[in-house]
Structure formats: structure tokens, C-alpha cells
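The listed protein sequences correspond, in order, to chains A and B.
All the letters of the first sequence, read from the start, carry residue numbers 1 to 687 under full-length UniProt numbering.
All the letters of the second sequence, read from the start, carry residue numbers 1 to 687 under full-length UniProt numbering.
The hints are simulated quantities; they were obtained by calculation from the structure and are not laboratory data.
Among the clues, some could well be false.
As the list claims (entries may be wrong) - Interface residues of chain B toward chain A, partial, derived using beta-carbon atoms under 10 Å:
| hint | residue |
| --- | --- |
| 1 | V23 |
| 2 | K82 |
| 3 | D604 |
| 4 | S609 |
The C-beta atom is built at its ideal place from N, Cα and C for all residues, glycine as well.
Number of protein chains: 2
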Amino acid sequence: MGNADYVHSTTTNVVESAHRVAVPPPQPFLKSLTSSLKETFFPDDPLRQFKNKPPSRKLVLGLQYFMPILEWGPRYSLEFLKADLIAGITIASLAIPQGISYAKLANLPPILGLYSSFVPPLVYAVMGSSRDLAVGTVAVASLLTASMLGDEVNAKENPTLYLHLAFTATFFAGAFQASLGILRLGFIVDFLSHATIVGFMAGAATVVCLQQLKGILGLEHFTHGTDLVSVTRSVFTQTHKWRWESAVLGCCFLFFLLLARFFNKRRPKLFWISALAPLTLVILGSLLVYLTHAEKHGIHVQVWVGPRNFLVRIGFGEAGHMYEPTVLIDRRIEKGLNPLSITDLAFGSQYLPTTIKIGIITGVIALAEGIAVGRSFAMYKNYQIDGNKEMIAFGMMNIVGSFTSCYLTTGPFSRSAVNFNAGCKTAVSNIVMAMAVMITLLFLTPLFHYTPLVVLSSIIIVAMLGLIDYEAAIHLWHVDKFDFTVCMSAYIGVVFGSVEISLVIAVVLSVVRVLLFVTRPRILALGNIPNSMIFRSVDQYPNANLVPGILILEINAPIYFANSSYLRERISRWIDEEEDKLKSSGETSLQYVILDMGAVGNIDTSGISMLEELKNSTERKGLKLVLANPGGEVMKKLNKSKIIESIGQEWIYITVGEAVRACNFMLRTFKPKPMTVNGSETWSDNV
Amino acid sequence: MGNADYVHSTTTNVVESAHRVAVPPPQPFLKSLTSSLKETFFPDDPLRQFKNKPPSRKLVLGLQYFMPILEWGPRYSLEFLKADLIAGITIASLAIPQGISYAKLANLPPILGLYSSFVPPLVYAVMGSSRDLAVGTVAVASLLTASMLGDEVNAKENPTLYLHLAFTATFFAGAFQASLGILRLGFIVDFLSHATIVGFMAGAATVVCLQQLKGILGLEHFTHGTDLVSVTRSVFTQTHKWRWESAVLGCCFLFFLLLARFFNKRRPKLFWISALAPLTLVILGSLLVYLTHAEKHGIHVQVWVGPRNFLVRIGFGEAGHMYEPTVLIDRRIEKGLNPLSITDLAFGSQYLPTTIKIGIITGVIALAEGIAVGRSFAMYKNYQIDGNKEMIAFGMMNIVGSFTSCYLTTGPFSRSAVNFNAGCKTAVSNIVMAMAVMITLLFLTPLFHYTPLVVLSSIIIVAMLGLIDYEAAIHLWHVDKFDFTVCMSAYIGVVFGSVEISLVIAVVLSVVRVLLFVTRPRILALGNIPNSMIFRSVDQYPNANLVPGILILEINAPIYFANSSYLRERISRWIDEEEDKLKSSGETSLQYVILDMGAVGNIDTSGISMLEELKNSTERKGLKLVLANPGGEVMKKLNKSKIIESIGQEWIYITVGEAVRACNFMLRTFKPKPMTVNGSETWSDNV
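Pulled out of the complex, with its shape left as it was, chain A reads as follows (with noise of 0.2 Å):
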């Protein structure tokens, strides 16, 4: 690599072979502060289209922008009806037994999750932009409302107040949701990392599948608690209330559905038979419990409320008491589908706080969920997804369905693959899979009267174990501890503790993270790759040789003032070891320290103070301080606080490479002393 050429420049002049740092063209405030502005919240720049458009063309573009149905809708065929139909079927058959598990989840009249199997949906067909995102309810945040809630308010002593509070958590989820997307600050999505929700869903699908163990032993009474000591207690301290009947039915129904998520996963072509299985088994119970009374022999049903009878069979608690029927007959009982419920938010009531406190929980880790599965299968089919669109569509879904007798809803993962494996093409899938529910709606509610609770338990548990992804677990541990405790840290919270407490620890602990990557920040010994200009890290490449009398550093983060104090005493330190090691060995003293700024994206004034002291410090150590590579950002900075000036322009190289070569040229000009063999003359050969 022309050795003659590099030793011909060092040793007649350095300073005009090297390559000058340039400091970017100076912008002018008001530019710079709109585009960090621009850069920060439109990313995405969704202005983008919109330009050197007519008036026209702009209003069609900008109605498409909010109901991405507009432009996919004109150019909708044939062909793809067909594969929606399908697909919107099966979703269908999965949505029905589902959202009813899902509702008696959240301690709901089950006849809610039909609801909100219906309205939301067609509202993310019509402003959604993933095309294979199926909507519905979710377990986890089913459990959060029942959990959050009934700590408020009995579920069955107070059911009107109870439901007119979920509807409110869901229409102040749906608003939070919205603003997020509206102010563009959907990254806070972002700070549930990929290893909080591993831990955060598996710990919530455990104690799910614990919960389960009520409908499973017939028990009837159990604790409102969800960590897994209280869960514990409530099923061991009455176990002569366990119902063998139950429990046997119970382990059949289970065998069943895990033997059809077998085959769905061995041969994915057969994903219907696994989206089918949960329905035949509500059908295959129902037929049981009718034919053989199986209600009067330890098997409880659920207690099935149509839509011309909502209101009034609410006041039933499950074990057939009445609680305040006279408040419960209502006229609005009389319409077909979702009776409205916009006069039920209860604005006024004492327990605002809660359902604000619920709506932002509950509405953050639906959108988590929904935003994660969009992205995927976009992802996978590669087209784009608008994150801050999807979270005005899913606010939107969410605000609607609170007016209409709906709890929170969101992209269920286990739904959209359903969908997508069965080949939707649109969000036409959706709607069809509202007007199934519809149908359901309308006509099939009877048939579902006596549906026994340990199939839906059994549902809601093989649902359950897909969230338990102890696999990715594993990647995490063997790839990243940290992730790995965080992890293991959300889990542990959802079952020992609460939800909210393992998000707090998990969010807090991923924070921290971040600001300890700054606070204290890697500094790296560079030495020379043999061969070669190029300098690296002696402990990543340990062929790397260290340069005599040169003690290279490369800091790897921004220098803040959270970091600045730590980098000084640091460096400084290195440099008085550096130097012990040299006059210990008796080799050439130190000459120069040279700071590699490369990754250094960003310096602030603690961090331009921080430079200057330490070039003092090591002025007054007879050392000379030389930064290479310092970013347009860092120049910026120190043009403007004129250290370049006390530093020296001449002392800024492009290159590690090129300041090496300069302080060497120094050290063999001005020090005519001889060079150690073993370290200067062999690297200076080997350049």
C-alpha cells in the first residue's frame, strides 16, 4: 500500500498532505431549530406527497391520508374479495368464542366482546393502513380492566357502574391513543422495548391461565387478586370445593385445542383447523351441557346475555343472585346490535382519575401490541406502516367503540396471523369478519346459552401459552443480559406484583440504560491494524499494535454534561497509568494524546468545558492533545466556544491515521533521540 509514497510525505511535509476538518457551513438558527424540529416528530415526513400538488389533488390526498380506505378502495378487485371472504370468516369463527373469554376476562357481560368484535372493526377498515391486521379484544388488557378496575368497584355488586367505567377507561384509551398519533409522539410506544413486552406478556399469560383455574375447577368464588401468591391461595385453600366433573371436561377440552395448535404449527396450511377449533368446542359444549343438564352437575355455565335483554340479565352475578334489577331495566335494552352507550361515560364520577389512569395504561399496551403486529407483517410483505397513522385509527376505534357498547380493542397478534396465514389481501377482511359477527349478533345468541365457562377457560389458556415465548426468552440471555433482566424483571413483576409495577420497572430499567450508555461512556485504547493506516480498539483486534510515545483514545458517546466529569477523571487517569507503565518500562515517554471524537455524535457546554480542561491539564503535563475526527455537530460546537483556537486547527486531523502520522513526525524531528526497535521503527515500517 505505497510505503515509499506514505514515508516520502512524513518526512517532507505533514501538514499539507492532511486532509482538513471542515466545520459545516454555518445555518442559520431558525432553519436549524426546524429541521432538528422536523427530524424529531415528522420522521417520516408526511408532507412529502403533498408537494407541488394542486389544490385538488391535495384535498383527495389529504382525505386518503386519514382513511387510507379511499385509496385502496378504487382499486379493489374481484380476486381479492374472494381471498378477504375467507380469511374474514375465519377470523370470524375465532373472534366469537374469543371475544366472549376474553369480556368474562375483564369481568364484563360477555356479550361486550361480541360488541367489540363489530363496530371497531369496521372503523379500522375504513381509517387503518395495515392490511393484515385483524381488530379485536386482547387478554392482557382484558385482565388490566378487571384488575385495575375491581379495585375500585365490584364487578358483581355494582354492575352498571362497573361497566359505565370501562367504557370510559376505553374512550380515555381511544384519546390517548389518538393524541399520541396527533402530536406525533408516538416513540413513546418505542420505550416498551421488544424484551419488556416478552416479559410483560408472559408474565400477564400466566397469571391469565392461573385465573383459569376457577373456570376449570368449577370453583365459585375467587380472589380479585392477579399475582400469583393470592391466585395460589384462593385455589389450595378451597380445594373441597373442586369439581371433578369440571376438571376432567376441562382437561379434554384443553387436550383438544393444544392437539389443534399442534397441527396449525407442523403444517401451517392448516391454520383452519386450529382458527375452527375453539368455536366447535363452544358449539360441542353448548350441545353437552343442553342435552345432558350438565349445568346441575357441577358444570356452570355461562351466563349468556342476548342483546334484548342486556341490562336487565347484567344484575344476575354468576351464582344467580339479583342485585338491583329496578335500576337495570332500561329502555335502550330494546335495539338489535350495539346499543349506544355515549350517555354511560361517566365524566363526572369520583373515579375519573382511575378510568383516566386505566385509559392511558391499558390504551399504551394495546397500542404496543396493535403497532408491533402492523409493523410485522408490513414488515413482511413489505409495505410501510404509518405509526402515528395507526395510532389516530386505533384511537379513533377505540373513542367509537366507547360510544357503542365496546371495551378496548387493538390488533391481537394471535387474530392478525389467523388472518393473515388464511390470505387477506385488505382490511376488507375486517368487515367481513363484523358482518359474521353481525349475523352472530342478530340471530345466534340463543344458541350460545349454554356454553359452559370451562370451555372458554380452556380457550382463553391455549391462547394464553402462545404469549409465553420462552424461546425468545433464551435469545435474550444468550444475546443481551441486560435485556434479559429486563425481561425477566417484567415478568416477575406482572406475577408477584402488579402490572403497573412491572411496567414501571421494566420502562425505568430500559431508561436507565440509555442514560448509563452516556454516563459512562467506553473509552477504547486504539492501536494500529499491522499493515495498514487504520487504527482500532486493542481489546476488540488484539493484532493491533500500540503507537510509542502516542496514547490514542476513542470515546463512544456523546460527550454530556452526564458523562463530562467521568470522561475527564477518567482520561486523566489513563493518561498517569499510560504514563507509570512507560517509565516503568523505561520506553519512550508520552508525547501526545489523540482523541479519537468519531463517535462522538453530539458535545454540549459541560462537554466543550471538559475539553478545555483537559487540554490544560495536559498542557501542564508536557503533553500535547490532538482530536481527530471530530463530527460536523462537535466542529460546530467548538468553533463557536473558539477552543478550536486554543486547541489549534492545526491539531484537528481527518483521520486517526493522519494525526498519528504528524505527532510522529513530530516526535522523530524534534527528538532526535533513537526509537525503541521493537515499537516505533517496526509500526512506521509497517504503515
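Got chain A sorted already, so can you dock chain B onto it with the hints?
Relative to the frame of chain A, chain B by itself:
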């Protein structure tokens, strides 16, 4: 630089000449955990000096570690003593009037200011490692005590309780400081950035100055609020009570002090003028009152309490009313110097949470000032200060102080600067100051009986003016707009809100800045610097040329959960835009995307998924993803997650230059159509 060589190597064999990117040698989990914990909590390696030493030596070193006086004491010389004597007497003459003034600011008996200049300096002299720090009370912490404690207890109506709570808060401040040091959490103080402190100090100084209008104007009643609005209202609603005699005297004193300060600034050698001015004023003012009986003509005098009638006199408010005098007569007051106050600590009181809160806030602020001052002078004289050790010293000093009738002390900047200018050599100057204060306490306090309040107000105002560092604020504006915003938020927060609000806003903004750096990392397009193999940002180097057919992007932050979805979408958009641009201009189509990972300090599992998805999506677009210069940590994770195999080890290069060379070689070999003259040819000739 050997063009012939380069062309030769490209046309023969690229891969062989390239240097392989190394995966750092694997380390056992426990070892890497230990080393990263050590780097986080023990970056200064405090046990370094204990290595390979016999046990007896270790004991001595250990004692010396906690009591640096044992280290420098034996080497103390007569010459040092001479210097320290002068410095000590100088700072004592400043400490006495300042102590009285600040204690008044804290609504505490003025004698506490003297007590606090006696015991704590002795403790610090033994345990502290700074040679220039002068210990004493500070205005900001005094103000904070007055405003936060004043919200709970009225100092006039219940002086004993107020006093006891102040001692308790001091105890908690000390305990908190010491535990930060012991738990090696000193870096928490770094989160009070330089910008925050500039704004906060200026704001506090403004507020303190405004409050001195009470003394200057001779007002009797004044607001307890510290914000601008309530102070202004308090001043201007009682214009009829302003005393012109007091105001005239105040202006004269102010003029005299400012003049002394001016001389000091012009000629730093004349530091003693400025240091002696306050004491001179106190003596002059007291004489004036004594001779003219000015206290009967509108000049309020300090209600002075000597040690012998300490608690008896506290009972008298400033207006001369007597509160609960029977309770206040106490046997302990018979002692000469600081009476013990250990039994006064009110741990069982209902105000415990308040005192803990006050302790933590004042403790952190005092620590931030003390550490910053100590570090600055140590940097100047080229010796090391161990932050965590200093915290333990400060903590012990305040704990012992709270047992001996002192309130919160730290190393105030003004007093330490005088100490430094007076030529102090070691902490013995603190001992000298303590002795001088002791003599004052024992014999001279009656002399101060007639000190007019207006003198103390002028002393405070002039001391505070030094804290309003508008030049620093202007510097912040020029260099870093974000730091300026933080500074102004802290200032406005103190002046219009409260100290807590101000600190919370400033710290949150600072943390948001760090998080934003990671959440929205900069992505830079790199181009080739003419006549080199160097690739740098085209924004910074306008002469850098983009390479046709190859998009080179540099990521300037760790790839974490917080930015992985942003990076995925932003890089995808960048590729799309580049392809559109190339298509419309009819140039070579895009073939390679090189990611320069040199500035990526770390990666987590979310980041790895991002890279994997990016690789898949670029592949679907017919592009090849190439990595350049991944660091040690990143390579470790990539290796563990098997993504290296999926990208291909041969597509990971040690420099961008080598990656481009390889890509270009492939472009020529497998796409033999002629290159556009303006782009590639020019580039390849210049390498």
C-alpha cells in the same frame, strides 16, 4: 498515496487484501459483569493503591483514604503554615459577616452562622481532599431552608420547632450526601448540568436580592414567598412604610462594597480589600448605630444573640415580641461554644417527611456546588479530587454539624476563591478560620450587638450579584441553544415558581436531551473526500463526493429499543428517496447500502432485529446490505445472535473505504456497462 497499488489490488483480489473485522475474544459472563459494574461504580479504581501491599500498610492507606490529613499532615511545613494563616484569617473576616447574613436569610438565629463556621471546617480539614475549599454556609441553601421549612412552620411563631427541624434537615442532608458517596452514586450530581446550575444560581440570587429589599427599605413585615410576584407585591403595597434613612445608608454600603469588588476584579492581588470590606462595614455600621442611636431613627438592628443567652433570646422576634419564653430557657445554653443539638433532632415529629425532602434537595444542591468548586481548583492546581470521597466528607461534616448546632454547610464558591487567592496551601486554612471564629464566639459577639440589618442586606446583595453569571448565559446561547433553554428554564422556574419546580424542569429537560439523542439519532450520508480513501459526511464536507450505485449511511448513536423502529423506517425512507432520485436522473441504479457502524457504541436485541429486518427488506429490493467498522460490543452481539452468518462475514468490512472498494469491484466485474464519467470514474482515479 500509491494509486497504482490501489488499482492493482482492486483488479486482483479484494477480499484477501481486506482486514477482517474481529469479534473480541469471548469473556466469561461473570468477568464481564464484574468489569462493567466496576467501570460504572468504581471508574476511579479506588483500591488501585492497595494492591500488593502488606496488611499494616493497607491499614495506614485505608485511614489515609478516609482522612487525607493523615497523608499530607506529616509533610506539613512552616512555610505552608504561614500561607495558610494569612488565607485562614482572610476567609474568617469574610465568614463572620456572611455567616450572620446567611443565617438571617434562613430565618435562623444569626449565631448559627458562626457556629457553622466553627465545627464543619474542622471536620472537613480532617476528611476533605481539596486544598482550596473554604467551608461555610451558602445563600442558596439558606434561602431554600427558609422557603421550604417556612411553608410548614412559622419561624417567628415557633422558633424552637423551626430550629430543631433545621437541624434535622441538616442531618438528613448529611446522611444523604454520605450515602451517595458510600454507594458510589456520585454521578447523580452530574445530572445537575452546568447550564442548570448557572440558571438556578442566577435565579436564586435574583430572588435573594429581591428579598433584601426588606432590609434596605427598613420594612417590618414581608412575604414568606420567594417568587418575583409575591416579593414585588410585598414591596409595593407598603410604600408608605419605606424608611428613607435605611435606604440611604443601604445605598452607601452597597456602593462601598461594589467599589471593593471592582478593585478586586481589576487587581486580583488586592483580594483582601474585597475580603475585608464586609467586616469593615459591620464594624462601621455597628459603631454608627451605637454612637448615633440610629436604631431609634428607622435603622433596624440585628437582634443579636450571644452563646450565653442563645435560646432565651431566640424567643424575641425581630419586632421585639416574646414567644413562649419559659420553654426556651434551657440549661445547655451555659456552654461557651457550639451547644450540642443531637437531642434536638426531631425524628419523631410529624414534619419528618418535610425534613427528609428538604435534606435531600438542599443536600444535592450543596453537594453540586461544593464538588464543582473543589474540582475547579484541583484542576487548576493539577491534583485529583475523588468525587465520592468528597461526598462522604461533606456528609460527615453536615452530620456532625447537625449534632453541634450548625446548619447546612458546603464549599461556597466566593469564600473558596478568596481562600485560593489568599494563597492557601492546605485545608489548614479552614482550621485557622475555625479558630478565628472560635475567638469571636468566645469574646467578641457583644461587639456585634448594634449591627444594622441594612449592612447585612448589602453584604448579601453584593455576594449574590457575583452569582448572576450573565456572561455564562450568553456563552450558552452562542454555543448550545439547548443548554441555554435548560438554563433559562431553571432561572425562570426559580424566579416565578419555586426552587423545586425549577430543578425538576431543568433536570427533566437535561435527561430528555440525552434520551432524544438516542431516540432520534443522526443518520449521515457519507461521500468520498477527494484524493483519499476517507469517507465523511457530505453535510460537513461539501467537497465529499457521493459514490454512484452505493449509499453509505453513518448511524451516530447506539442502536437501542428506543430508536430501532425509527432507524428502520428512516433508513428505508432514505433508500427509497435515493432510488427515486437515481431513477429520475437516469444514473446508475442503487446496488449497495453500506452502514458505517463506527459510531454505534452498543446494540440491544431490538437493534439486532432491526438490522435483520433491514437486511431482509433491502434484499427484497434487490440491494445488498454491507456493514463497515462495527465495534467490539456490536460484533459480540451480532456474533451471538447469528446475524453475522445471515449478512455474511464477507460483507462486514473494517473501514468504509474497504467496503466501497469491494462493492465497486463487484459493480465493475459483474455489471460491465460503462460508468458515468462524472461520478465513479473520477472517484476511482482519485483514491
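To see whether the hints hold, each was checked on the structure:
About 8 Å separates the beta-carbon of V23/B from the nearest beta-carbon of chain A, less than 10 Å, and the hint is met. With a cut of 10 Å, the hint placing K82/B at the interface with chain A is violated, because the nearest CB-to-CB distance is about 25 Å. At a threshold of 10 Å, the smallest CB-CB gap from D604/B to chain A is about 5 Å, leaving the interface hint in force. Given hint, S609/B at the interface with chain A, holds; its Cβ is 7 Å from that chain's nearest Cβ, closer than 10 Å.
Of the hints listed earlier, the one the structure fails to meet is number 2.
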